[in-house]
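**Student:** Join the two chains, each given in its own frame, into one complex according to the hints.
Order-wise, the sequence lines are chains A and B. Numbering follows our numbering, with no gaps: position 37 of the first sequence is 37. Numbering follows our numbering, with no gaps: position 15 of the second sequence is 15.
Some hints here could point you the wrong way.
Restricting the straight-line Cα-Cα distance to at most 27 Å, the calculated cross-link-like pairs of lysine-lysine (BS3-like) are [as the list claims (entries may be wrong)]: (1) A:389 to A:7; (2) A:172 to A:186; (3) A:11 to A:156; (4) A:384 to A:4; (5) B:18 to A:378; (6) B:34 to A:35; (7) A:124 to A:97; (8) A:397 to A:439; (9) A:4 to A:380; (10) A:290 to A:397; (11) B:34 to A:32; (12) A:32 to A:156; (13) A:411 to A:424; (14) A:365 to B:18; (15) A:389 to A:11; (16) B:18 to A:374; (17) A:397 to A:424; (18) A:11 to A:424; (19) A:70 to B:34; (20) A:290 to B:18; (21) A:450 to A:397.
Keep in mind that the hints were calculated from the coordinates and are not lab data.
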Amino acid sequence: MSTKHSKAAEKFLQDRTMAAWHNETLWMVRAKRDKMSREVPEWEELREKACQLKLYSNTHLAELLTEFEKNAAANGAVVHWAKDAEEYCGIIYDLLKSHHVARFVKSKSMLSEECGLDPFLAGKGIDVVETDLGERILQLMHLPPSHVVMPAIHIKREQVGRLFEEKMGAEKGNYDPTYLTHVARKNLRNIFLNADAAMTGANFAVASTGDIVVCTNEGNADMGTSCTPLHIAAFGIEKIVPDLNALGVFTRLLARSGTGQPVTSYTSHYRAPREGGEFHIIIVDNGRSKMLADPDHVKTLNCIRCGACMNTCPVYRRSGGYSYTYFIPGPIGINLGMAHDPERYADNVSACSLCLSCSNVCPVKVDLGEQIYKWRQKLKEIGKDNPEKRYLSAGMKALMDHPVLFNAALKAAPLVNAMPGFLKYNRLNAWGEGRDLPKFARESFNEMWKKHKIQGKEDRK
Amino acid sequence: MSSRETILEHIRRNTSQKYEYPAWEIQATDYADKISRFCDAVRLSGGEAVVLQETESLDDLVRRRFPEARHIASQMEGLACATTRPDELAAAQELDHTDVAVVEGQFGVAENGAVWIPQNVRHKVLYFIAEALVIVIDRESVVSHMHEAYRRLAGQDYAFGVFISGPSKTADIEQALVMGAHGARNCLVVLR
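Just chain B, same shape as in the assembly (with noise of 0.2 Å):
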């Protein structure tokens, strides 16, 4: 028998008692003002969010907001500053020494500042590897609660997503919070 064999019929015979699917809803708390709540949580995660300008495009903004950036990389349209597209490039790795990757969102997450990014270059370390996220989403796209969110997921087709909340960070020297553990040291949503 094969162990996918033994292992089921483990479980077969070790199951008595079955339990129900839960599927009663949760009353999650709502935002009114999703926004304001988004920008909250992003901060407190060690992020920064902020609602761009009309006044203000977004290659204005990452200039001012970066100004000794040598390597920006990005696959976004109508980014003059970005110095790198990184869809050209064959190996993840030639993406290292990135300072700013400027990367779209699909919505944001008001409770807890995160963002969904469904893979949408070629190379996913894009998310990972710079000093510096830039994360561009629709201000209109910010759900209350990641049950929300998971709603928003299903039925779509990616080959990797990920919620991205603040820079990465670590504790695990004496819980001392530390920013740029392994992924940016720094991260920046722009609400447009």
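Extracted from the complex, chain A is given alone in its bound form (with noise of 0.2 Å):
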């Protein structure tokens, strides 16, 4: 029985071009991740100590975001709040059309992608320009994001020139990549100079000024907000930082770990609407104070969604974002869906060799790995569980269980080694699916210890 994921990781993995790029590029982001890192004598403080803000900051949500709310309306903005998507898709449409909006550019926030946010208006006959260029190239080809920070990283350039040429008029057959950023570069430009709302997400929230701070390299969000009379930000409230002591920590990590650059070229912090316009702020719960009740996953609620989970995966750089089921997908993304929704995102938990690469290049130290463990252990009780694989590890426990059984059974082992493959590998053993037995030793390490044949350091001498 195999999980969603692994059937469309096969998918994946047919073109086999593309598969290894995608594996060697990801892996080219997280050795410059290591770089940075290293660059920084006292990064495992800056590791720890954003670990700790977080836990302080997710452990006092009420009072920071309220604290956040009574600074961000003394500096001139509209706090609203969403319990769910459905809320934060109203309140948006109910701004976009008491504003009279028509055209509306949007900079990346994997919160509309989670609250389905540019479908819904689209429905509403409202037309939302995504600005990130990645963004902007998926939303042209109707595909969602494959990876939190670099969504487009599927897409090949020759894609990207054909899509340019249609719907940007660009040259025919030139798939330069700075040929086609600067053709969308002019596109967007008079997209922004004419549009009538802008919206970003937020990186960080910071309760003891209000401010709503926003990274990105290509300048959209900046460009947007600084065109339009109306600019909406909608945060998730794990978003919330204490201070600005706090950004100290967080920016010196987010870019370093995501991209591994020293910071992003742009921080920006907005705090007051722009002369004659109307800030509007989204406080967004949807499913994540339901997390703070469990334990064994609070820390998720630290991630700061800067990707390098993903690219340090070998599974996620294998498999690709599309083989996961939940809109996140990688490590955060297998935990993310979990706490949301455990049974329509099982598939997802068996996407990890448990190599723990993802926990140590955290950057606010969510223990990503662990947590996918814990996960599976869980999945009997949410049903969720692979049977061959249950039979197989009470077999494997009675085993480990009865000394006698195990000694018969390894001195039978060798045996296998002769077997035909189809007694070996067949629909009882779901191990063996994608996996090859190893050649089993005519003689255990038991036996040989007894018969003198293991040499020690002692007898070497």
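**Tutor:** In structure tokens form, the structure reads like this:
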């Protein structure tokens, strides 16, 4: 019984060249992250502090969010609260309608993906334009992002070239990334200048000042919010940080971990509305407050969406973002999906080799791999475990618990070497799907030890 | 019950163990030569940083570096080459087609080449819309790292502020790095 992830991964791997490119490119980003982290001697201190700051913030959310609300209001912003995706979409739609917005520009926001904002607004006849280059490419291709920071990592330049020929009047057959980027620049510049409203997410919301902080390399969030009279910013409750000093820690970690840069090109602090404009901020729960109650998984809320866990994950790199059933892929996506709806997203927990590389690169010390392990223990409880593997495990446990049985099995094991494949690899052996059995030794370590065939350090002298 | 109350009530009900605020300080790396580290960091981010020489004025420098520029927008005093006073424009959109924007930054950060700019012009789009951005800072203003930077922001009153590190960039097409995604294609920091 394969999971949806493993089936989708098989499809992804059919294009071997693309799969190899995907793997190597993300590994290159991981290597850049390593280089950056090593240039900062206090790196581990930063990670520890970031983790503690997030644990503090996420266990003082009521205090910090109300402090934020008070300060943002004093700055002239209007603060809204949305308990779920429906309310979030509704507030945005009402704002756009009451301001007669026909042209709406958006910068990247995973929250809007989570809440299905674009399809919702499209259904209401509002023209939403994603302005991050990767997001724009995907929007025009009607595809979702496959990575949180590099959304179009699975798209080739030729596809972008052909798309821009059709949608932006680009030259035929020119697939140069510089040329294509500048075609999009010109096309989107015009859209920015004529937009009626702009939307951003938030990387951080600062309780003590009411600042909304957005980090981009392209400057798209700023182009949008600098030209329009209405700025809507929305953030999930876990994006709150207590004060500006906390930002000192997070801004040092975010880009270094995510893309291997010392900092993003733009770290924008939105505090008050533009002259003559309006600034609306939406604080969104959508299941996050529920996650607070689970001590095993509360740390998932630490995540700052840098994407480092995806870049390092051997399974993500070799299976691609679309192999996961939750809209956020990789180790953090596996955990977020399970926290939101375990029955629906249980297929993803198989997409992990438990190498724990993700836990080691995470800048806010989310114990990603350890949490995936914990979710696997709960699969039976939610009726999502694999029955064949359950029997195998029960069998293994019986063997391990009974030394006589274990030794007998060990003695018999070399017989398997000579067995024909159909006996070894069949429907009953779920473990054997995609794996080869090792060749069993004729003699076990135990027996060799008893016969003094094992040389200790002492003997070798 | 309003959504605000519902959310706050859920938060309070579901929060069990509370963690303390980590008040301890990070032993952050300080740079002996902040200016040279800053210049290196700006270069790494795809920009350029120069120290203004006594023999040259800012006006001369801008003219020398951007001889082709036709539209130079700046609100700074004594910049004779400026063709547009951006604060006099009614709409932000009028700044489109600006070749060079010359703006004042408040301080630089040595570790990453970022410059803090609290909004000091009428249209903040000036920082993003020009083909080339020139940011002028005081050479004595460079701090070592972001901790120091944010300590400097404490109590500051700004409607909008931004750390800018190098030009606008993207690698969204096959991870090929391209300058000038939406904002400035070139970024020059002048330390005077």
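**Student:** So which of those numbered hints doesn't the model satisfy?
**Tutor:** 10 and 19
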